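**Student:** Chain residues, written in single-letter form:
Protein chains: 4
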Amino acid sequence: MKSYNVGMIGYKFMGKAHSHAYRDLHMFFPQTTVPKMKLICGRDESGVATAAEQFGWAAHVTDWRELVTHPDIDIVDINAPSDAHKEIAIAAAKAGKHLFCEKPLALTLADAREMLEAAEAAGVKHMVGFNYRFAPAVQLAKKLVAEGRLGQIYHFRAWFLQDWIVDPTFPLVWRLQKEIAGSGSHGDLGAHLIDLAHFLIGEMTEVIGMSETFVKERPLPTSMTGLSAKGSADAPRGAVTVDDATLFMARFANGALGSFEATRFAPGHRCTNSFEINGSKGSVKFDFERMNELQVYFTDDAEDVQGFRRVLATDPSHAYMDAWWPPGHTIGYEHTFLHEVVELMNAVSEDRQPVPNFVDGVKCQEVLEAVDQSIAQRRWVSISEV
Amino acid sequence: MKSYNVGMIGYKFMGKAHSHAYRDLHMFFPQTTVPKMKLICGRDESGVATAAEQFGWAAHVTDWRELVTHPDIDIVDINAPSDAHKEIAIAAAKAGKHLFCEKPLALTLADAREMLEAAEAAGVKHMVGFNYRFAPAVQLAKKLVAEGRLGQIYHFRAWFLQDWIVDPTFPLVWRLQKEIAGSGSHGDLGAHLIDLAHFLIGEMTEVIGMSETFVKERPLPTSMTGLSAKGSADAPRGAVTVDDATLFMARFANGALGSFEATRFAPGHRCTNSFEINGSKGSVKFDFERMNELQVYFTDDAEDVQGFRRVLATDPSHAYMDAWWPPGHTIGYEHTFLHEVVELMNAVSEDRQPVPNFVDGVKCQEVLEAVDQSIAQRRWVSISEV
Amino acid sequence: MKSYNVGMIGYKFMGKAHSHAYRDLHMFFPQTTVPKMKLICGRDESGVATAAEQFGWAAHVTDWRELVTHPDIDIVDINAPSDAHKEIAIAAAKAGKHLFCEKPLALTLADAREMLEAAEAAGVKHMVGFNYRFAPAVQLAKKLVAEGRLGQIYHFRAWFLQDWIVDPTFPLVWRLQKEIAGSGSHGDLGAHLIDLAHFLIGEMTEVIGMSETFVKERPLPTSMTGLSAKGSADAPRGAVTVDDATLFMARFANGALGSFEATRFAPGHRCTNSFEINGSKGSVKFDFERMNELQVYFTDDAEDVQGFRRVLATDPSHAYMDAWWPPGHTIGYEHTFLHEVVELMNAVSEDRQPVPNFVDGVKCQEVLEAVDQSIAQRRWVSISEV
Amino acid sequence: MKSYNVGMIGYKFMGKAHSHAYRDLHMFFPQTTVPKMKLICGRDESGVATAAEQFGWAAHVTDWRELVTHPDIDIVDINAPSDAHKEIAIAAAKAGKHLFCEKPLALTLADAREMLEAAEAAGVKHMVGFNYRFAPAVQLAKKLVAEGRLGQIYHFRAWFLQDWIVDPTFPLVWRLQKEIAGSGSHGDLGAHLIDLAHFLIGEMTEVIGMSETFVKERPLPTSMTGLSAKGSADAPRGAVTVDDATLFMARFANGALGSFEATRFAPGHRCTNSFEINGSKGSVKFDFERMNELQVYFTDDAEDVQGFRRVLATDPSHAYMDAWWPPGHTIGYEHTFLHEVVELMNAVSEDRQPVPNFVDGVKCQEVLEAVDQSIAQRRWVSISEV
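Chains Z, X, W and S, in that order, are what the protein sequence lines are.
The first sequence maps to residues 1 to 386 in the UniProt record's numbering.
The second sequence maps to residues 1 to 386 in the UniProt record's numbering.
The third sequence maps to residues 1 to 386 in the UniProt record's numbering.
The fourth sequence maps to residues 1 to 386 in the UniProt record's numbering.
This is chain Z alone, in the form it adopts within the complex (with noise of 0.2 Å):
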């Protein structure tokens, strides 16, 4: 069986996801092309040994630059900080590796856009990691949308909720600082949505959106792992410089509307990513908290038994399932990387472009510009124009 190397640039929640992915993808997907965990890169020498070690990756460096360019690797994985996801992408995509970066892509749309050319110039292999689209259950959201189940769509609703920085007490962590995270709520869960609008719906033409920062100021973290940090109240402050919130309307090309909000500031959501589709046929409704589920509605169903059904996407029919167990026993979040790997594997041994891929990463982009734009200006702004 074919095999390709995997040299992985980052360590923390990401990398642990997509280690996690590759470690375990011969076992439940032994028909797909296997992925060699090879080479790890970090920073810090002793954190990657770690993380190598507990994550079984053969070696690890601590320069991106000597992982990017080693003569073994054949596929370079980028979940940095998104700050340096540019640099990098460029210079394994010179090298003439296949890149998989983390969404989202670069912190502006123009860094996107040279990635993606940068991609391209090398004839490379490029995919970005929107995790959600692999969740059988929105696996089969797009399934009833394709086959016209949910005839003429109307309206795709969307938000992303979570809660984790509501306590203005809690620090001012990379996430919450623009040259860094490029922005808050916008680029790190509205990237999600935008690009499942752009997989169930299609593509926007116009939007419109408004953002706040809630807590304008936070203390300086002492310690930061995953969404978790540490700090304390009296600690020294300094300005949050993201969005803590970020909503938007839309309008799509296929005439559907569309509203979409992002936010940390919603006590009680832990991580609620949902959207709701209505259509001339039908309608779905999903929320990441319970993953497994899609709540799927017919207007042809027998007049006394209407109602929004239950599936519990795990059944052999729906999508990747067949890889785990057996119906009504549920995955986990990080089933999402497995799927999204299977694609990235697939791709690569079959000479096409996986999809999502950096075309997908540079469309979310130029959404988040063009929401950005319409609320520096106060008006529609055209996605053409970005």
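Don't read these hints as lab results, they were simulated from the structure.
Note that this is a predicted model, so its numbers are computed, not measured.
Take these hints with a grain of salt, some might be off.
[Claimed, not checked] Heads up, simulated DSS-like pairs for lysine-lysine below, C-alpha to C-alpha not over 27 Å straight-line:
(1) W:K12 / W:K142
(2) X:K36 / W:K12
(3) Z:K216 / W:K281
(4) S:K281 / W:K281
(5) S:K12 / S:K36
(6) Z:K216 / Z:K178
(7) Z:K94 / Z:K2
(8) Z:K36 / Z:K12
(9) X:K2 / W:K178
(10) Z:K143 / Z:K281
(11) W:K142 / W:K281
(12) W:K216 / Z:K281
(13) X:K281 / S:K216
(14) Z:K12 / S:K12
(15) Z:K2 / Z:K38
(16) W:K143 / W:K178
(17) X:K281 / Z:K281
(18) W:K36 / X:K12
(19) Z:K2 / S:K38
(20) S:K38 / S:K12
(21) W:K281 / S:K143
(22) Z:K281 / X:K2
(23) S:K281 / S:K143
(24) Z:K36 / S:K36
(25) X:K2 / X:K38
(26) X:K281 / Z:K143
(27) W:K38 / W:K94
(28) W:K36 / W:K2
[Stated by the list, open to error] To give an idea of the interface, some chain Z residues facing chain X are shown, with a C-beta separation under 8 Å as derived from the structure:
(29) V296
(30) E303
(31) V311
[Claimed, not checked] Label pairs and their in silico Cβ distance ranges:
(32) W:G123 / X:Q54: 29 to 39 Å
(33) X:D322 / Z:E217: 54 to 64 Å
(34) Z:V359 / W:R379: 30 to 40 Å
(35) Z:P168 / W:R379: 25 to 35 Å
(36) Z:S384 / W:Q377: 18 to 28 Å
(37) Z:S384 / W:V355: 46 to 56 Å
(38) Z:Q31 / S:K216: 48 to 58 Å
Beta carbons are placed, not taken as given, at the ideal position from N, Cα and C, and that holds for glycine.
Assemble chains X, W and S onto chain Z, guided by the hints.
**Tutor:** Chains X, W and S in isolation, oriented as in the chain Z frame:
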């Protein structure tokens, strides 16, 4: 338009619910024969006078004998405490009045049978107040079963969970005294489940139960109304002489298995009157706390969109709902009584027995008694034994 | 006990709901001043006569002018189609009658302001029919906000989703004609959301909206009642002149962000009038299809048991619920009107303005109009502009 | 870091789940003693070789005797079909190996006791695979009970509902044959409920059950994997020799009442492993199909905001969750096995018995057997009798 004169005995919880049904019937069901609110009876002159004025009864008396023999009265509605049902019903039947009696029909099976015999001997109409049958969502469940849309029935499981006496200082109201109430959760809550089982699945052949009184003594009450009451922790105490919880298992004549649980010791459940039916072609689930909804599952739904549908039984296609509001505009507890009275008035005016009637009341009492025997004798008891 | 004589104009959907409220008020709220159902008005003699008889009105007329000047009438209840509100209200005010007008107050902001001025000039009481405020679960939300139990408010998101006109052959009823209805989903459904926002969060400062009519022509109707109607696919067709869906974003004076969506094109949603509030100390969620429930979250719950609580607002501690049934015995749509009329009667007898009154009606109309302008002009519009 | 060598027998459904747990343990629980995937055994050489390669076992054998006596092996993991457990476990114990055996421990109570005796005689560690204990939401339920936060326990009701054999043409797989599976829904599903009852509430004193085989003959299978299988309607047929559904009632030593239901004939329920506990201070509800959630109710919540809380047990305060993803990022079925293996490895390295162990396995078997006797003899059976 034809009308009948009603005389009602009792004016508390059920008295209010019945009065409201009579009061509003013509407004929402103008095709139905009109019940005239002629006479109401209660032992407390001042209490019943106030109730008559508030509810809209033309007159009141304090002696039920006067009511049941009053020449103007066509229908006698009995919602006095359970220990008074028998004597009143028999007297009313002898006086040639139609009977509408709250459940449970009587304190014992023997009494219930006497009541049925008296009604049959007198040739009057007789109805028993199993109001939950008349929730549109329950009617939908019945329709699905009757039309074979759930196939062969395998399981009926039902539980009626409340929590109003969990606090051990809640006082010793009449519903906790065997000589007045007959039994506790069993006759109060379990009786409803048994009737729903009869309505939806059919008759049982044998049962075995278990029962418990968790709080064996309580302070005597100082006041009470509906299900709420006041007492004080240091009041004199008396023995609780009814069951706090009764469970039983049953076999149905059609081969289905039944499980039943009635308790007043389930914190968080204000009024969870709930059942599920599993058949070879589908399932339904009902919970009275969401009484406008029926969860419905069909095995022959398309493979990728199988799931319980949340049917909001508020469309015109659902029983009784064309009398109310547009779809999605839900109804409440009290509406079940209006629907019940629709059946009562239709039956009386069409010269047929209403359903459910005393035969159903007796059948319910047979199961209650068989369960009691099974508990006392620690063995399975056939319904045909009692 | 004091009483007031009511004269009502209109006898269809809202007329029935109001009639029922008057009819039952004294039974359930015996301490409240009694509304006497004196006179009902409708243009169709036979229709209004039937309604009067069914609903319990003492008399009927076909000319509303006769009603609003009738010396016996104290309160004029206006639930004629929206285009008739203004003329009737002003005439009634001039005749010194108290006013109870269905929402939206008028077809335009200017008309609504005239109505308010007329009422104030006449010194009469005036109420507007935003009945959803009076659901006990909504009252609980208000209480939590008012008592500071949700902290500083960050987000209000609301959507009113229906599906009764998704079928393109559904006929062109009056609610789809601008000259009668004023607007479509915006004034019909959005108006309720706006009023709830005012009630729960406070005033908005600026808005921007978008709107669409998905089905632009429909067959002319042959008959209609409530929200249902009959037509035929091959009937002559007319233009739909109102919006099928309107969305908007808003800023509130207190710094909160708002998102609103009203549509009649959401299959599976019969009457999803839903909102969520996120504050620094907690969140609440409401959905009218489960109107007895409020989902409540507090950030200061113990760390290991944080989660949205499903509060069944049927306990005696919840607004209006001690008038009804024991805990867990739910109420329905029509009960909101009884509570509304409690407020009306209390206000009139206490010689104070009811809440919500025409000031609230005008404020709602201001937002409706600002949104309309923002759509026409494709820009943010300040409420103070309109 | 210390490590132990594992040898595993069986490589199908449970074999895969266990393999995955060993494979990933170190990645997510780096502080835990490492299980080395040394040797896997299966009767089919080609099948087991493939499994070894996919899952990551160092070597494979086809004779379990070779495995249990292999000098390199420290821990023997037994997930062969239930009829093989006893012989393997006893041989492994005699060889001084620690034991990790899938449930049910054996086909009969006598066999289970022999296994426990053998393990105790050999002085080895022994664990039984009741994996549902290890769902974080279940751990939370246990914590709430153990800390007295639910008060005195009154009720435990549990049901394990599946629907994979509702179709009467589903073939006669080994799980439907008494000589291999021991029993049907009772030992497969009911055993989990019994163990959860022991874990959460404590021991039972007496039980009475009922049981049914709804489909008495089925076509012989042509192929099978996991819970799915293929057959053809016109294949030769064989008798189903196990129960399709088994229900029982129980008394617990602490005075609580228990009701249990296990069935494979509940359409719409793929894997509804569900329980509810009611105590004097609160209640909890769990459903495995939403395994990340626990519904929690406290009687001492403020009067106006009482309600079941939907606790998403994915916060760092919840058992095992600091090893996984940020709050709201849910886990799946397979994670229960990782947690189970954490306990196994910790116990072995700390030289203590893991929990649950063969004592728990025997206790579960006692209840299974007591229920069987109660069914056969149609009477209550004391646990102390069996």
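**Student:** Does each hint fit the structure? Answer for all of them.
**Tutor:** Hints and how they fare:
1. Between the alpha carbons of K12 (chain W) and K142 (chain W) the distance comes to roughly 31 Å, so the proposed pair goes past 27 Å and is violated.
2. Under the criterion of a C-alpha separation no larger than 27 Å, the hint pairing K36 (chain X) with K12 (chain W) is consistent with the structure, at around 25 Å.
3. Restraint check for K216 (chain Z) and K281 (chain W): satisfied, since their Cα atoms lie roughly 18 Å apart, inside the 27 Å limit.
4. The suggested pairing of K281 (chain S) with K281 (chain W) holds, with an alpha-carbon distance near 25 Å, which does not exceed 27 Å.
5. Of the supplied pair hints, the one linking K12 (chain S) and K36 (chain S) holds, its CA atoms being roughly 19 Å apart against a limit of 27 Å.
6. Proximity of K216 (chain Z) to K178 (chain Z) is assessed by CA-CA distance (about 13 Å); at most 27 Å being required, the pair is judged to hold.
7. Restraint check for K94 (chain Z) and K2 (chain Z): the C-alpha separation of about 24 Å stays at or below 27 Å, so the hint holds.
8. Note on K36 (chain Z) and K12 (chain Z): the hinted pairing holds, with a Cα-Cα distance of about 19 Å set against a maximum of 27 Å.
9. In summary, the hint linking K2 (chain X) to K178 (chain W) is not supported, as the alpha carbons are separated by about 45 Å, beyond the 27 Å threshold.
10. Restraint check for K143 (chain Z) and K281 (chain Z): satisfied, since their Cα atoms lie roughly 14 Å apart, inside the 27 Å limit.
11. This hinted pair checks out: K142 (chain W) and K281 (chain W) have alpha carbons roughly 15 Å apart, not beyond 27 Å.
12. For a cut-off of 27 Å, the pair hint linking K216 (chain W) to K281 (chain Z) stands: about 18 Å separates their Cα positions.
13. The suggested pairing of K281 (chain X) with K216 (chain S) holds, with an alpha-carbon distance near 18 Å, which does not exceed 27 Å.
14. For the proposed pair K12 (chain Z) and K12 (chain S), the alpha carbon gap of about 33 Å is over 27 Å, so the pair is violated.
15. For the proposed pair K2 (chain Z) and K38 (chain Z), the alpha carbon gap of about 15 Å is at most 27 Å, so the pair holds.
16. Annotation: proposed proximity of K143 (chain W) to K178 (chain W) is violated, straight-line Cα distance about 37 Å (limit 27 Å).
17. Restraint check for K281 (chain X) and K281 (chain Z): satisfied, since their Cα atoms lie roughly 25 Å apart, inside the 27 Å limit.
18. Simply put, K36 (chain W) and K12 (chain X) have alpha-carbon atoms about 25 Å apart, close enough for the 27 Å limit, and the pair holds.
19. Between K2 (chain Z) and K38 (chain S) the CA atoms are separated by roughly 25 Å; this keeps the pair inside 27 Å, and the hint holds.
20. For the suggested pair K38 (chain S) and K12 (chain S), the alpha carbons sit about 17 Å apart, so the restraint of at most 27 Å is met.
21. The hinted pair formed by K281 (chain W) and K143 (chain S) meets the criterion: a straight-line CA distance of about 26 Å does not exceed 27 Å.
22. Under the criterion of a C-alpha separation no larger than 27 Å, the hint pairing K281 (chain Z) with K2 (chain X) is inconsistent with the structure, at around 47 Å.
23. Note on K281 (chain S) and K143 (chain S): the hinted pairing holds, with a Cα-Cα distance of about 14 Å set against a maximum of 27 Å.
24. With a C-alpha separation of about 20 Å, the suggested pairing of K36 (chain Z) with K36 (chain S) holds against the 27 Å cut-off.
25. For the proposed pair K2 (chain X) and K38 (chain X), the alpha carbon gap of about 15 Å is at most 27 Å, so the pair holds.
26. Simply put, K281 (chain X) and K143 (chain Z) have alpha-carbon atoms about 26 Å apart, close enough for the 27 Å limit, and the pair holds.
27. A threshold of 27 Å between alpha carbons decides the hint, and for K38 (chain W) with K94 (chain W) the separation of about 20 Å falls inside it, so the pair holds.
28. Taking the CA atoms of K36 (chain W) and K2 (chain W), the gap is near 10 Å; set against the 27 Å cutoff, the hint holds.
29. Annotation: V296 (chain Z) was flagged as interfacial toward chain X, and the flag holds, the nearest CB pair being 5 Å apart, inside 8 Å.
30. Given the 8 Å rule on beta carbons, the hint for E303 (chain Z) holds: about 5 Å separates it from the nearest Cβ of chain X.
31. Residue-level restraint check for V311 (chain Z) holds (minimum Cβ-Cβ distance to chain X is 4 Å; threshold 8 Å).
32. Evaluation of the 29 to 39 Å hint for G123 (chain W) and Q54 (chain X) yields a pass: the beta carbon distance comes to about 33 Å.
33. A beta carbon spacing of about 60 Å between D322 (chain X) and E217 (chain Z) agrees with the range 54 to 64 Å that was offered as a hint.
34. The hint said 30 to 40 Å for the Cβ distance between V359 (chain Z) and R379 (chain W), and at roughly 32 Å that hint holds.
35. Taking 25 to 35 Å as the suggested C-beta distance range, the pair P168 (chain Z) and R379 (chain W) conforms, at roughly 33 Å.
36. The given range of 18 to 28 Å is respected by S384 (chain Z) and Q377 (chain W), whose C-beta atoms sit roughly 21 Å from each other.
37. Look at S384 (chain Z) against V355 (chain W): about 48 Å separates their beta carbons, and that is inside 46 to 56 Å.
38. Separation of Q31 (chain Z) from K216 (chain S) is about 39 Å and departs from the stated range, judged on CB atoms against 48 to 58 Å.
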